[in-house]
Structure formats: structure tokens, C-alpha cells
Amino acid sequence: MKVGRRSFLSFIIGGAAGTAITPLPWKLMDDASIWSQNWPWTPVPPDGEYSYVNSVCTLCPGGCGISVRKVDDRVVKIEGMKGYPVNAGGICVLGLSGHQLLYSPTRVKSPLKRVGKRGEGKWEKISWDEAISEVAKKLSEIRSKGESHSVGSIVNADSGTIPNLFKRFLTAYGSPNFMTMPSMQDSYKMTLQLMQGVNAQAGFDAENADFILSFGSGIIDGWGSPVRMFKANSTWKANGKKVVQIEPRLSNTAAKSDKWIPIKPGTEAALALGLANVIITNSQHSQKISQSSGFESFKKLVQNEYSTDKVSQITGIDSASIVSLAKTFASASKPLAICGRGQGSTPGSLNEFMAVHALNALVGNINEQGGVWAVPEVDYIKWPEVNLDETATNGVQKERVDGAGSEYPHAKSLLNRLAEVVNSGDGSLEALFVTGANPLYSMPDSKAMKKAFDSIPFVVSFSSYMDETASNSDLILPNHVCLERYEDVPTTAGLQKNIIGLTRPVVKPQFSTKNVGDTIMLIAKALGGSIAEAFPWDSYEACLKETLGAKWDVLVENGFWSDSNSKTVSGEFNFYPKAMESLSNFSPVSLEGSTASYPLVLIPYDSIRLANGYIGDPPFVIKAVEDTVLNGKAACVEVNPKTGKELGLTEGRYASLHTPRGKAKVKVHLYEGIMPGIIALPRGLGHTAYDKYLAGKGCNFNELIGPAEDPVSGLDAAWGIRARLTKV
Amino acid sequence: MKEEGKHNKKAKKYGMVINLDNCTGCGACMVACMAENNVPFKEDESDKLDSITWMRVYKLANGESYPDADICYLPRPCMHCEGYHGHSPCVSVCPAVATDYNHDTGIVSQIYTRCFGCRYCMGACPYHARYFNWWDPVWPEGMTKYLSPNVSARMRGIVEKCSFCFHRHQLAMDKAFLEGRTELEENEYQTSCTQACPAGAITFGDLNNPHHKVNQMVKPDNKHGGRPGDPNAFRLLERLGTNPKVYYISSKEWVRRAGDNYLANEDRTVQQH
Ligand code: SF4
Ligand code: SF4
Ligand code: SF4
Numbered sequence: 001m002k003v004g005r006r007s008f009l010s011f012i013i014g015g016a017a018g019t020a021i022t023p024l025p026w027k028l029m030d031d032a033s034i035w036s037q038n039w040p041w042t043p044v045p046p047d048g049e050y051s052y053v054n055s056v057c058t059l060c061p062g063g064c065g066i067s068v069r070k071v072d073d074r075v076v077k078i079e080g081m082k083g084y085p086v087n088a089g090g091i092c093v094l095g096l097s098g099h100q101l102l103y104s105p106t107r108v109k110s111p112l113k114r115v116g117k118r119g120e121g122k123w124e125k126i127s128w129d130e131a132i133s134e135v136a137k138k139l140s141e142i143r144s145k146g147e148s149h150s151v152g153s154i155v156n157a158d159s160g161t162i163p164n165l166f167k168r169f170l171t172a173y174g175s176p177n178f179m180t181m182p183s184m185q186d187s188y189k190m191t192l193q194l195m196q197g198v199n200a201q202a203g204f205d206a207e208n209a210d211f212i213l214s215f216g217s218g219i220i221d222g223w224g225s226p227v228r229m230f231k232a233n234s235t236w237k238a239n240g241k242k243v244v245q246i247e248p249r250l251s252n253t254a255a256k257s258d259k260w261i262p263i264k265p266g267t268e269a270a271l272a273l274g275l276a277n278v279i280i281t282n283s284q285h286s287q288k289i290s291q292s293s294g295f296e297s298f299k300k301l302v303q304n305e306y307s308t309d310k311v312s313q314i315t316g317i318d319s320a321s322i323v324s325l326a327k328t329f330a331s332a333s334k335p336l337a338i339c340g341r342g343q344g345s346t347p348g349s350l351n352e353f354m355a356v357h358a359l360n361a362l363v364g365n366i367n368e369q370g371g372v373w374a375v376p377e378v379d380y381i382k383w384p385e386v387n388l389d390e391t392a393t394n395g396v397q398k399e400r401v402d403g404a405g406s407e408y409p410h411a412k413s414l415l416n417r418l419a420e421v422v423n424s425g426d427g428s429l430e431a432l433f434v435t436g437a438n439p440l441y442s443m444p445d446s447k448a449m450k451k452a453f454d455s456i457p458f459v460v461s462f463s464s465y466m467d468e469t470a471s472n473s474d475l476i477l478p479n480h481v482c483l484e485r486y487e488d489v490p491t492t493a494g495l496q497k498n499i500i501g502l503t504r505p506v507v508k509p510q511f512s513t514k515n516v517g518d519t520i521m522l523i524a525k526a527l528g529g530s531i532a533e534a535f536p537w538d539s540y541e542a543c544l545k546e547t548l549g550a551k552w553d554v555l556v557e558n559g560f561w562s563d564s565n566s567k568t569v570s571g572e573f574n575f576y577p578k579a580m581e582s583l584s585n586f587s588p589v590s591l592e593g594s595t596a597s598y599p600l601v602l603i604p605y606d607s608i609r610l611a612n613g614y615i616g617d618p619p620f621v622i623k624a625v626e627d628t629v630l631n632g633k634a635a636c637v638e639v640n641p642k643t644g645k646e647l648g649l650t651e652g653r654y655a656s657l658h659t660p661r662g663k664a665k666v667k668v669h670l671y672e673g674i675m676p677g678i679i680a681l682p683r684g685l686g687h688t689a690y691d692k693y694l695a696g697k698g699c700n701f702n703e704l705i706g707p708a709e710d711p712v713s714g715l716d717a718a719w720g721i722r723a724r725l726t727k728v
Numbered sequence: 001m002k003e004e005g006k007h008n009k010k011a012k013k014y015g016m017v018i019n020l021d022n023c024t025g026c027g028a029c030m031v032a033c034m035a036e037n038n039v040p041f042k043e044d045e046s047d048k049l050d051s052i053t054w055m056r057v058y059k060l061a062n063g064e065s066y067p068d069a070d071i072c073y074l075p076r077p078c079m080h081c082e083g084y085h086g087h088s089p090c091v092s093v094c095p096a097v098a099t100d101y102n103h104d105t106g107i108v109s110q111i112y113t114r115c116f117g118c119r120y121c122m123g124a125c126p127y128h129a130r131y132f133n134w135w136d137p138v139w140p141e142g143m144t145k146y147l148s149p150n151v152s153a154r155m156r157g158i159v160e161k162c163s164f165c166f167h168r169h170q171l172a173m174d175k176a177f178l179e180g181r182t183e184l185e186e187n188e189y190q191t192s193c194t195q196a197c198p199a200g201a202i203t204f205g206d207l208n209n210p211h212h213k214v215n216q217m218v219k220p221d222n223k224h225g226g227r228p229g230d231p232n233a234f235r236l237l238e239r240l241g242t243n244p245k246v247y248y249i250s251s252k253e254w255v256r257r258a259g260d261n262y263l264a265n266e267d268r269t270v271q272q273h
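Line by line, the protein sequences are chains A and B.
Mind the numbering: the first sequence is residues 1 to 728 in my numbering, read in order.
Mind the numbering: the second sequence is residues 1 to 273 in my numbering, read in order.
Wrong hints could be hidden among the right ones.
Said to hold, decoys possible - Derived pair list, reagent style SDA-like, types lysine to any residue, alpha-carbon separation capped at 20 Å: (1) B:252 <-> A:258; (2) B:48 <-> A:627; (3) A:508 <-> B:142; (4) A:633 <-> A:660; (5) B:145 <-> A:67; (6) B:48 <-> A:450; (7) B:223 <-> B:105; (8) A:450 <-> A:627; (9) A:237 <-> B:231; (10) A:237 <-> B:48; (11) B:145 <-> A:237.
Just so you know, the hints here were simulated from the structure itself, not pulled from any lab data.
This structure is a prediction, so every number in the text was calculated from the model and none was measured.
Let the sequences and hints guide you as you build the complete structure.
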């Protein structure tokens, strides 16, 4: 609940007044409750032996170390692990509720086979043997028709042994269609590739920076590795470091920054280039970097096209602020610019990433203390080459269904294109595996995604929970949850250090589930031939141990392994890769919908109290959501009071929200922290699956927005959509 | 209630300092509390008046218009008011001695088995820190497995609130006793919310002990009802005289005023200065 200064007080005064009021009417009601209060169904938790087990949380890409308190073989509490290099004892709401997921009634308790229509919710329990042979039978059929390339998989990430086992499986089987859930990391990787010629992830030496310029990144709203960023933020505060937040909405990050500069959304790249112009004009840039290739063209670009006045017009930020921001940024001793909106769960426009990266290069912080580092992946997965049989050799050479590597040569995976390609008949899949991801909920235009899924004859989910994707599959081969399984967690979310964490079984599996690593190997073995041979291990655990080699003992002992010397890769910096040319005439990512029928702009916002990836909010977390975000069954849309007045909308009333992609019934929340003309909805609500604590509450932002293909990367660049809000 | 003058010389006054500049509003303290203390949940928790949250994070706004709007989060556990010599507002009104002021620790307890649900204490608490169980708690099938044996589950008809994780104090004291000690180290007794806060915004310890961080942070003036010595530190509704043991720190004036303001027309008065 947002309480204004006055109402917060009057609320408390109400409490104070209560002292004098006679509680007689209450007293009468008590008698009914008193005699019933000792009824024996209130559980008495059994005591037992206490212990702590260290593990790593996998509920988001953050990769925090956790200490799990147990009583006998029950998990009673999850805490942050002290001394863990990512989170140093801190933890977030989701990590804290991991035990609710372990014991959740929404878990898939054994392999299930669909018996009714897809999505109807009718399942038949089957044995693991049946489940494996069912999959193997289907895959053999597809393969014998020479259609092996029409099998795909959607995996949460592309590093670590589990994703690599899936990749290996597809290769041995004969398909190029290994797809991953998109995120800002994809855009960062591509930026590093285009501007530095390196194959690396972006890592941020945030703790050592002293001036942080954030282009809408939700530093304390779940961006990067969330707990790590919370800690960095507190370190900055303790040491007087400055944060400037640029975004159209007063997010938590904006409120806690030293300066919030509202900007017309979608024009961030122009601001970055405008700042670059001021820095170059004032010769505040690093002299060394001005020798880099493309510098002169870049200079020309920003001087000709991004003059302060023009940028002021584009962004809506006054010229003086732009000039002074550029000066303070460049004169800081360790300035750092970051981007990736909100939690960074959508890739965003490549132009914006390149412009921000150029800004970092200008102040000379690439691979430097307090700057952006190009961090190579830890290459601990050194499995022997797969022997491809003829089918596989042919299969892997086929074009990917999503156009990554062909239409978009730099892209590795373009899941955002899948729905359109499949629905328009330009491509098709015969079978699809989904693990660690819930694309039917978390991909933009989730309805189109569902339609695409409907046309895929065989969908196999490995989900531990009955989520939206699992409910719309044909077969579920449930994975253990993270408190029950082994898994390596190479931390990728913006860390500048190479760290591998070890998730390990804290309690015995509660149900008839299997580690998905074992499941995929069993499927391979059932298929036989060169596919089986590609998996020489007896079990996933054996595979993991062998893969980690000497690191295994360190991992078991400490819970993590980290590279003692930080590694970065450097290539020659190029200020003006071909992809930058499009910036010579700035046009923001176009918004779907016409101004006439959709006069407002709808943007999403992220909250650390709303999980919006593979995992949905467990009961504790949804309980912690404010009533100005979720109210009863309605999501609240943030509207500036001025806009509200124009539309005749008042606080708390229902309104109907329309976009070109969908509609929803919402409640109005008047918020002074949002730019007039723009309205904002939280991500993470509107689940149709999971339990009654989560399902049917609010609306799914992804049903209201569609993807917008970035012309260079092919990744989803959409940041909002035009909308209409009317009284009901 | 112990009588005045019988106080243990080494009496502790456990308290909390919450740095609102660092608090991110992430809610980890709320959830850490629910998880530690077997707090139940129900299908709809969006009516915050009946949503049991021993720790609740409020969102305050400065009341200005865009783009001068500002917000700040304010986590609110039980204030464990000392009042005047242990006469906390709630303790004074409880007819069943179900809530008591412990002079050795400064903790206001809630004894579930004594509480018969009259809710006088809820009326008396100016901080809305107390919650009534209108229903029996129901956990979905299987979830009772995670309930902690350290804290009993509450049933319908009784009042509950933040205990400063008192069971953690007991466990720490038991351990110290076994090791032949009567005193606890600062880090031996920490609350669940303090431990979880990823921003390090919460500090917990003995306000009487000059070596403890809480004491150093707010420099409480114990002769004058514990009033904070630090100019950025404040307590909620200071002038009610509840003498709470939860202190807040904020560098923003509007936040300090929001927490300490009491009269509706006071704003104007102050601005005239
Ligand atoms: S930030 Fe992510 S990894 Fe860390 S505790 Fe939370 S959910 Fe788990
Ligand atoms: S856990 Fe800490 S940062 Fe998060 S809301 Fe609570 S006090 Fe604030
Ligand atoms: S001190 Fe303990 S009981 Fe009180 S709010 Fe914090 S976690 Fe909850």
C-alpha cells in the first residue's frame, strides 16, 4: 500500500485513538473464537536433529549461495550463505521461499502423460520406463523420416552441464535447434562481439565503480545477480558513490539513486550518444581510446547527429542537465554506464547497448577496475567431440527454425521469433523439449506462443511444477527441484569473476522425479547408436564429477569454485561497427499501435517481489506484494494523476486496458512517480497455472505486448506498446 | 511485570536500527520473518489489514508531483515499546498478562496460550504491529513439513506479533549456558530479518551496550526515554512517549518528518519557520 505522508500518519493516529475506544463489540465476537481456539488441527511441528547444508539457489540466474536449515530430513528455513562470493549472506524473497516450492502442491509428482486434449488438465501417471520409451519412440520415428532437424529444445541458459547436455543431445540426434530463454546478456554478448571482437560475457566491476549511470537498469529491482547488486548499492551509499538513474518511472532504483532523470522511453541510445558528444567536445575522453578504429567516424556521428539541443528534443531532458551529466560522468574517477531495462529479462535494442558501451569505452573503463569486463566463459566442459552418424551430420547442417545464424548471422538463439515463424508457416517443429523455462508465460505475445505450441505435435516438459508450459505439453518428465539435485551453476548474471557454484541435494527427493541430466541421458541411451555413445557416463552425477575434475572436491568442500585471478579477454575496440550506421538517423524502436486508437504508452516494470521467469511467486512472496500492485484479483496499472484526471480515472477504480495485442481488466493506481501519458504494469502476475495463491491474480504483461525484432541482432527490442485505458 | 528497582544490573535492551537510505523495499525481511516464525498465508493477502505480517514494509511518498515525487520504504516490526518503565501501550491493557515486558531483554512478549483474543492490545498499539488470527491457519498439503519446531503455530482467536525472534535468544542463551557463559556476543543473537536483509539495512543488538553497533548508530539517550542522539535518527511517533526500541535513520528530511509527525496541521507550522 502506498501511504502518503499524511495518510501514513492518520493511519497511525487511528491506532492511537483505539486506546480509548471500548472493545465491547469485539469482545462479544470473541467468545465464539475462544472455545474453538484449541481445536487440535493446528499442526505441532515435530522436533528432531538440526543441521545446515550449504547449496546454491537456482531460482533465478543470480546464483546465490544458501544455507539450508534442516530438522531431520525436513527443510525448515533457507538463509543466505555467509562468505559466498556472490551474495555474502544476503538473500532475496524468492530464495527465502525455496522450501515452499519444494513442498508445493503444484509439483509434478511423477511422469505424466496427457490423456485429454492439450491443456485440459487430464493426465495419466506413468512409470519412468514408460515415459523414457515414449519419448524415444517418438524421436526414432521423426529421425527415421529424416526429420531430425525438426526437433528443438528450449533451455533456461546456455552454460553449465545441463544446457550442454541438451545441446549435445540435439547434436548427436541431428538438430541445430537449441534455443535458450532470451535476456539482456544476449545483447551484451553481441555488443562485445561487434565492438571488441571477443566471445565473452559482460561483467561489471560494480563495487569498484564510483559513478554509476544506469539507463533504466533496475539495480535494486532484480537486475544482474540481484542480491549482489543490493550489496553493491549499499557499498556505494556507505562510500558516497553516486548513482544516476535514467527512466520514465520512479522505480525503487530511481528513488534510491542520487538523481533520477526521467526520459522519454525508447530514446536512451540518443542520450548516450549525446553524452558522448559532450565528452568528446570537451576532450574529456580517454586519449588512449581515441586511437581505436572507428573513433573518427563515431566522433563525426555524435557531433553531426547528436548535438545537445537535438538530444534534448529527442529525450525530453533539458540541455543543461545533459551537459552537466556528461561532465560529472567523465570526470568521475571510475565511471560506469549500464543498461538492460528493469531486471534485464528482455534483450532490448542493440543500438542502445552499443551506444552505452561506447560511452564506457570513451571513459576508458573497458576491462579496467570499476568498469565493464569482457569475461570469457569458464571452459570446464571439455567433453569429447560427438561422433555424428549420417542423419545427424545432415540434420545439424540444416537452418535453424528461428533464423539465428542465418537470417541474423550474429545471433545464437532467437526464441522471440519462434512464434511468428511457426504461425506463419515459415518453419515447423515436430517435437519440442522445454526445461527450466516457462515460455508460454514469459515470452512476449504469450498467446501467439501458445498457438505455435499448439501446432507442434509433441511437446515434452521437464518442469518440476505444473506451470503454463507443462500444462500445455504432452508428456512431463519432472526434474528434481533445486533442493533435491546436483547441478553446477556457473554464474553469468553480470559478474566480473568466474565463479562456479554447486547446487546439491539437501533432502531426499520428495516425489518420483529425476534429475533432468539423468533423464536426457536415459533418452539418449534408449535411442541407441551414436546418440547413446555420445553419453558415456553412468549417471548425471558421474558426468558432473568427471566434468569438474579437480574442481569437484573444491566445490564439495566450499560450495563454490572461483578463479583466483580474474580473467578478461581483450580485442581491438571498434567504435563504429557496421551496425552503428543505423544510428546516423535516430529513430526509437517503433511502438506497435496507432496514436489515434491507443493514445497512451504502456511499459512494464519489474519488482523483486514478483518473480517473472521460470519460477512463479510462491505463497510468501505473493503475500509480500503491495496492494497498489495487486489488489484482490486485479493488477494495478500506474497512472500519473494528471493523465488520470484527463481520462476521468480515480484511485482504485476498475479500468479496461487495451493494446493491439490484448486486453485486461485492471485497477487504477494514481502514482506521481510516472511520466504523464505513460502507464506501467508489473511483470510477474497473471499466471493461469500454479496454485490458487498465484493463479488468476492480475494479468500477464506478456499477453499485452508483442516482440519487435531488432534489425541487427534479431533479438526482441520491444520496451512497450501503445495502449488505451478506459473506465468500466 | 517485574517491579522497578529490581532490574538486573546487566539488563539488556535489545533494539533495532533500520537505515532507510539503504532499505530497497525488497521485502526480504518480511519473508524471512514469515519463514522463521511459521506465519501462515491465505489465498488472498491483498487486504493488508488482515494480512499477518509481523514485519511490514510500508511505502511512503513525499506528496510532490511528477517529477519531484519521491518514495521511501519503511519496514515496521513490533517496536517493543518500553513506555515508561515497561508500561508499553499493549502490556498496560492486556487483561490476561498474555503480553508482557521483559526487563532483562526489553522484549515485549506474546504468550499465545494465555491470549484469549480480546484484542485490547491491538487497539492500544499505535503502530498496527499486532495481528489477529481470524481463521485457523491452513497449509496446503505437504507444506506443514517446513514448519519450524522452534515457534508454535498459532490458531484462530489469538493475537500475534513480532517477537524479535525471541526463540533465537533462547537458543543462544542455551548454547552460552552449556559453554559456561551468561553473556552473549553481539552476533550470537540476531533476528531473522536482520540476517536476511540483502542491503544490510537492519542492525540489531543491545541498545544499552556501547560496544554494540545499534548503540553507536543512534546514541540513545536513556535518561530521556531513549531519544536518539543522532540527528538523522528518529522513532515513529516519538512524542507519543511509547519509547520504542526500533530506530530509523534517514538522510531525507521529509522521511524523518513522516515518521515523527503527529498533528495533521503541523506541516504548515514548521514550514513557516
Ligand atoms: S537472487 Fe536469485 S539466486 Fe539469489 S536467492 Fe534470490 S532467487 Fe536465489
Ligand atoms: S530486507 Fe532490508 S532492504 Fe529489503 S525491505 Fe527489508 S529492510 Fe529493506
Ligand atoms: S525480529 Fe524476528 S519476529 Fe520481529 S520482524 Fe524480524 S524476523 Fe520477524
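Hint check results:
{"no.": "1", "hint": "B:252 <-> A:258", "result": "holds, 12 Å"}
{"no.": "2", "hint": "B:48 <-> A:627", "result": "holds, 7 Å"}
{"no.": "3", "hint": "A:508 <-> B:142", "result": "holds, 15 Å"}
{"no.": "4", "hint": "A:633 <-> A:660", "result": "violated, 23 Å"}
{"no.": "5", "hint": "B:145 <-> A:67", "result": "holds, 18 Å"}
{"no.": "6", "hint": "B:48 <-> A:450", "result": "violated, 35 Å"}
{"no.": "7", "hint": "B:223 <-> B:105", "result": "holds, 18 Å"}
{"no.": "8", "hint": "A:450 <-> A:627", "result": "violated, 30 Å"}
{"no.": "9", "hint": "A:237 <-> B:231", "result": "holds, 18 Å"}
{"no.": "10", "hint": "A:237 <-> B:48", "result": "violated, 31 Å"}
{"no.": "11", "hint": "B:145 <-> A:237", "result": "violated, 40 Å"}
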